[in-house]
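Visitor: Using the sequences and the accompanying hints, generate a full structural model.
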Amino acid sequence: MEKTEEKKAILTWEEKHPSVYIKDLSETIKSAKAFLERSKEKKAKAQFS
Amino acid sequence: MRFADDDKISCLRNTADDIIKLFELFCGEEIKWEKSSKKKGELQREKNLLTEILTAKYNLAYEQVNELLLLLNQDRISKPFFDFFFGPNKDGEINLDQLREGVKKFRGYALLKYGNFRFAFKALSRKNDLQCLLKALRPYSYTEEERMKCYELRSERALNITKIPKHKTWLLGYLTGGIIEKDIKLAKELNDEESVRCLLQEAEEYQPCVQTADINTDIYMTWDYMDVYVATSMRGKWEYESCYDFIEQLFSHEILLPLKLRYFDPTQCVKKSRIDKGLLESFMLKRADCTIYLAQEAETLGKDSELAATLAQGKPVIVYVPKESSDGYYKKIEDYPSEFFRRRLLQLDAEEFFSEPEIQKDLQNELGLQSVEAVEAFLIKVFGVLDAYVNARIYNLLESKRQQEVKLNNKDIIDRAKKLLAFAESVSFERKAISLREKHPLAIQVNLSNGVANGVFVVRSIPDCAELLYKLLTNSMEFRIEHDAREGITKLIESISKSPYRVVTDNMKLTNSFWNFYLT
Numbered sequence: 001m002e003k004t005e006e007k008k009a010i011l012t013w014e015e016k017h018p019s020v021y022i023k024d025l026s027e028t029i030k031s032a033k034a035f036l037e038r039s040k041e042k043k044a045k046a047q048f049s
Numbered sequence: 001m002r003f004a005d006d007d008k009i010s011c012l013r014n015t016a017d018d019i020i021k022l023f024e025l026f027c028g029e030e031i032k033w034e035k036s037s038k039k040k041g042e043l044q045r046e047k048n049l050l051t052e053i054l055t056a057k058y059n060l061a062y063e064q065v066n067e068l069l070l071l072l073n074q075d076r077i078s079k080p081f082f083d084f085f086f087g088p089n090k091d092g093e094i095n096l097d098q099l100r101e102g103v104k105k106f107r108g109y110a111l112l113k114y115g116n117f118r119f120a121f122k123a124l125s126r127k128n129d130l131q132c133l134l135k136a137l138r139p140y141s142y143t144e145e146e147r148m149k150c151y152e153l154r155s156e157r158a159l160n161i162t163k164i165p166k167h168k169t170w171l172l173g174y175l176t177g178g179i180i181e182k183d184i185k186l187a188k189e190l191n192d193e194e195s196v197r198c199l200l201q202e203a204e205e206y207q208p209c210v211q212t213a214d215i216n217t218d219i220y221m222t223w224d225y226m227d228v229y230v231a232t233s234m235r236g237k238w239e240y241e242s243c244y245d246f247i248e249q250l251f252s253h254e255i256l257l258p259l260k261l262r263y264f265d266p267t268q269c270v271k272k273s274r275i276d277k278g279l280l281e282s283f284m285l286k287r288a289d290c291t292i293y294l295a296q297e298a299e300t301l302g303k304d305s306e307l308a309a310t311l312a313q314g315k316p317v318i319v320y321v322p323k324e325s326s327d328g329y330y331k332k333i334e335d336y337p338s339e340f341f342r343r344r345l346l347q348l349d350a351e352e353f354f355s356e357p358e359i360q361k362d363l364q365n366e367l368g369l370q371s372v373e374a375v376e377a378f379l380i381k382v383f384g385v386l387d388a389y390v391n392a393r394i395y396n397l398l399e400s401k402r403q404q405e406v407k408l409n410n411k412d413i414i415d416r417a418k419k420l421l422a423f424a425e426s427v428s429f430e431r432k433a434i435s436l437r438e439k440h441p442l443a444i445q446v447n448l449s450n451g452v453a454n455g456v457f458v459v460r461s462i463p464d465c466a467e468l469l470y471k472l473l474t475n476s477m478e479f480r481i482e483h484d485a486r487e488g489i490t491k492l493i494e495s496i497s498k499s500p501y502r503v504v505t506d507n508m509k510l511t512n513s514f515w516n517f518y519l520t
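Protein chains in written order, with the numbering used here: chain G, 1 to 49; chain A, 1 to 520.
I should point out that these hints are in silico values taken from the structure, not numbers from a laboratory.
You may find that some hints are simply not true.
[Claimed, not checked] Using 20 angstroms as the maximum straight-line C-alpha spacing, the simulated EDC-like pairs for lysine to aspartate or glutamate come out as follows:
1) K168(A) <-> E241(A)
2) K33(G) <-> D6(A)
3) K30(G) <-> E205(A)
4) K122(A) <-> E63(A)
5) K315(A) <-> D304(A)
6) K185(A) <-> D24(G)
7) K8(G) <-> E194(A)
8) K7(G) <-> E399(A)
[Unchecked claim] Sample of chain G residues lacking proximity to chain A, with all beta carbon distances greater than 10 angstroms (derived):
9) W13
10) P18
11) K23
12) A32
13) F35
14) E41
[To be verified] Pairwise CB distance ranges, derived in the manner of DEER restraints:
15) I10(G) <-> D484(A): 46 to 56 angstroms
16) G368(A) <-> K8(G): 49 to 59 angstroms
17) I10(G) <-> G328(A): 33 to 43 angstroms
Glycine is no exception: its CB is placed at the ideal position from the N, C-alpha and C atoms.
Guide: Here it is, written out as structure tokens:
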């Protein structure tokens, strides 16, 4: 865990000064859901194997 | 509107010299008998004539006031002007008190509408019709009853906004979408399932919230009138929530409810791009009758520009500077994120706030420390802990385990840092209020269409803000006209805010040059 914590979600200057203010997060939501689904499947597989 | 003065007028008596002074204040220029009456004897002769009128008559009729004016080499005034400002009795006469009160009233309206006594006298004294006079004094000539009637007769909105709850308003921040996106991306890379789940929840709340706010913005644009624009600067969750609370408390105040006010609430709307946002806000500033500016811990270009744009249109700005005691402010900010404390303490440190001798003394008392050195050592420790907290950050929206550990292991220091900031902010707000009320040159700007100086009203509580807003919109404000010999200006001071709303300078060169470019 210590090792992975070195990564940080720090915003770049560009990200801090966007010219478009409304984001469409539908793709982000879809991919987060897919990630959680995959994790769930992995856990289920690990349980059965 | 009610006008009092600093006794400059009230103390003038029924003597030739005092009456000359009174008429100088009325006509807006020095009465130059010396120049017109070249011989010494002539001057005395004119003064004797003046004394003759004053001693012979206790009350003055309209015609006699004009005879006095002509004797003083000034223009006559019209009957409607005399009636409106001096309010004669049923015999059409006025006594000395009414004369003094009338001059006060005239000077008050002159400051409000013209920002200039001489031009106001020239322009208004010739109005031969009461309606023309009232029209020239608009909007200040409407009575409180007339204004109230207009407000009460207002219809309900055809469309109303959908209220976004307080805890969700921060989702409308212009960085929020990007932050959620970035955090989710990293959480996936780190295979951090728990964080992805938490962040997904935020993302799912973001989408409908932004859509609602976008529709709200469209609804604001359809409203047939807009009374108040609220100028604020919001990035963090705490700023959205604090602004939300202020707006809720202000506009639900019982004194304002009968007015059926419509206001542009920045916590309830969003626009797609920076260009649309800029255009929308400029449009709202054009439509609203006044602006309420929220003074916050730090000010921004956007908010300050909104203040300036309102003043330049000749519209009023009420600046709300919260009056916070150290303890009260501590309670308010107790749950704010540690990053907020770090940022504010760094800003104050960069301004050398903690190096000021009187602040160091107060800090010793606040923090229970014995010496200046102990205060400095404490500050170094605080910044060390807050730096460690920030360095342990992974996500923007979630606290990492290491951050939680830093907080837990340094609970006492962080708590004292909050107390330190609460003290610093209470001093900072106090200074901000004094600066805007008494010191800052741009707290008074100019109506660009007519040159009338336009100053901000500074209030320190929500009830004061509500009462002032009511009085402003219903023309029921109370003013005091004061001459400040040190600064060389005459000020129109509003009674609730104790702020100068209008000013006239004594500086002849500036007056002449200035009005040459406005009164053409």
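Visitor: Does the structure break any of the earlier hints, and which numbers would those be?
Guide: Violated: hints 2, 10, 11, 12, 13 and 16.
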